[in-house]
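Given the coordinates of chain R, work out where chain A should sit on it, guided by the hints.
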Amino acid sequence: MKTVNVSLVGVGGQGIILTADMLAKAAALAGYEVKKSEIHGMSQRGGSVTSQVRFGDRVSSPIIQEGRSDILVAFDRLEAVRTAHELAPDGKAVVANVDLVPVTVSSGLQPAVEDLDGRLKAALPNALVVDAMTIAREQVGNERTMNMVLAGALAKLLPLPKECWTEAMHQLLAGRKAKLIPANEKAFELGHASV
Amino acid sequence: MNEETKKPHKVFLSGNEAIAHGAAQAGCRVASAYPGTPSTEILENIAKFKDTINCEWAVNEKVAMETAIGASIGGARSLCAMKHVGLNVAMDPLMTFCYVGATGGFVFVSADDPGMHSSQNEQDNRNLAKFARIPILEPSDSQEAYDMTQAAFEISEKFRVPVMIRMTTRTSHSSSLVDLGDFKPAVRDLIPYVKDIKRTIPVPAFAKGQRLAAQERTETMRAAGEASALNRVEKGDSRLGFVTSAVAYQYVKEIFPEFSILKLGWTNPLPRKLVEDFAKGVERLVVVEELDPFLEDQIKAMGIQVVGHETELNMLELNADRLQNLRHELLGDVPAVTPAKPDATLPTRPPTLCAGCGHRSVFYVLHKLGAIVNGDIGCYTLGAFAPLNAMDSTICMGASINVSAGMKKAGVKGRICSVLGDSTFFHSGLTGALSAYYNGTPVTTVVLDNRITAMTGQQDNPGTGRTLTGDPAPVTEIGEVAKAMGYRRVTTVSADDMQELEKTLAEAMDSGEPALVIAHAPCRIAAKLTKEGLCEVDASVCKACGACFRLGCPAMTRGAEIRKGAYQMKIDPTLCSGCKQCRQVCKFGAIKKVR
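Which chain is which? The protein sequence lines are R and A, in order.
Each residue of the first sequence is one higher than the one before, starting from 2 at the first, in our numbering.
Each residue of the second sequence is one higher than the one before, starting from 32 at the first, in our numbering.
Note that these hints are calculated values from the structure, not bench results.
Take the hints with a grain of salt, since some may be wrong.
Some chain R residues close to chain A (C-beta under 8 Å, calculated; not the full set) [stated by the list, open to error]:
#1 Leu79
#2 Arg83
#3 Val104
In this text the structure is predicted, and so the values were computed from the model without any measurement.
Think of the CB as a built atom: it goes at the ideal place given N, C-alpha and C, for glycine as much as any other residue.
Chain R with its partners taken away, still in its complex shape (with noise of 0.2 Å):
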């Protein structure tokens, strides 16, 4: 299989990282060779954060090519702008319809981006906008699994089996965190259904 290369956008504390490695994880129980890349350091003050997965039969660099990126998921809309030129010509964008107010916006140091909703139609017209923080408070109750509903509108694009997914959530919320799992699974399955 050709190697499928999954972007990962956002802002520090959205829960990135565990997507991505839940993503990981459910690549690797189908049996895929898989990577999986980010920075860390001073992108934990509240930063732009980027997380990345490559998978498939022979994976070799851990990072993808500029422009090569066959899905874009983007938990903010302002970082989905960022990034656009990260994607394929033919890949799939998945937006969450959330937007962090940069802190350079909020203290007037920046001018705040006019009319985002016209720059995300310009630079991604196909992009999937999910509702996902709405979906998370209202329908599951809790605004933090707003990454497993993505999660889920993810899975919905990817050749991988869904129970791997589910037994990669399992795994990453075993012990202390299982009690968060039946919340994880419900938002996991409306963002699957939401696309």
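Relative to chain R, chain A alone:
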């Protein structure tokens, strides 16, 4: 589940996790490190094997390496880990231990940071290992990190030599599947200690012989490297042949999959014969490596022709796009990649000090006092940027105190102070503080005491009361240390009390004597105080003067524009930690604590 049984023995590990597993499997008994991105997780993961590995956070990399050296001389397998600049600190012991040589296997990891994702400079530390005439192993993924860590211990014991594993941000922080084999961490017996001062005390009479022995050892190791499975040829189309190592190998496989490759895992001493034979079998030889032309220069010096190219590969982080540009230049069968420029119309998300961080009030006050501030390495380096604008220099760990002393000695006028964190003070602030006191240099040192090594992700240090393994530890109070040195002016002030802070700092800088001010405020992430309380702005009182915005707190947002260009402040309740910094800055009492 069927899918699960396909690859039953493989686990998904980062390069740093893989090194920890490799060390445990090799029977490493002692491990020590000072945190530093991208190396930190190595010791954090070794701590999971604390039953068989006696592991700790050292106060700096020199201490970590010397501790591992002692364990090796004592017959144990030992490991230390550091980021690239950490090796600068540990070079002193390394440059002599490479003469003394290992008894128990001695392995150290240098995690370089090409592209400076989280560092103040870029170094290819292979140069330093070559300088020390010691072997270098360069893993290209997590499986190799696991395997090579074990191989490194074998090589170290066989040739009685310290061995460097060179990681980079990409190999340390990328994860891939690792076959752990028969993974059984176990305590390995000590090699019995035998006193041998001709080896362990390199006074000139002995050192001269050791210098010659180091030369001989290099050639013996070179011969072993020629035959080692760590170096291998992957035969392909011989019109191009690539010599490559580390993650660069993965990029070559990605972009030039059809061509011959000499994949070097053991890069120093260079296996010259292997390179020579490989070069003979290909039409054109290309060397691809991350950072300096370390292999390329040596290969050229052998008189072998290496393809020259316009594509720049020897600085900043390497990637497949850059190799695609090389392919475009050499073969012309792929298009060039033009890296996307950041869209300047989009607002950025730069790193910032957290809401309620005690560093912020110190920088606010120092800016107000008009001081020249020599800074150091930590979260607080962010105090340099707008709107705080309160830092003038940052060189390396612990430099702040001495840079201020140098300015004072040079006769620079005005208020000068040094700012460094508690962990950095323990790391290498102690010596500078003592030197300034001894020489009567009137420097003011401000220790931002947040009781954690924060920047690298909240690690323990001598001020936290806990060890790497989470066990209780005695607490060293920096104020008491300074008093023991002889400092008469030692003041501890809460970083949350800005009035007291201003008074204390002004007095210290104007006192004309060496002074140490401890600005105490626990790291809110480490102390779980990010939601300690909540403040609100009373819009009927706020005059939109903008004073609070000069704190640059991420919880502050622009509210209503009540005059042209004058915005009231509004607090984002999801980010506010309930600290009292903005309340102290507001002259009108518009900000209230509501929880």
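Next item on the list: Report holds or violated for the interface hint on Leu79/R, using the least CB-CB distance to chain A and a cut-off of 8 Å.
Entry: 7 Å, holds
Item checked: Restraint satisfaction for Arg83/R [CB to CB of chain A, less than 8 Å] -> Given a least distance of 5 Å, the restraint on Arg83/R holds.
Margin query: A closest beta-carbon separation below 8 Å is what the hint needs, so does Val104/R meet it against chain A?
Written below: Val104/R check passes; min Cβ-Cβ to chain A is 4 Å, inside 8 Å.
Checked against the numbered hints above, the structure violates none of them.
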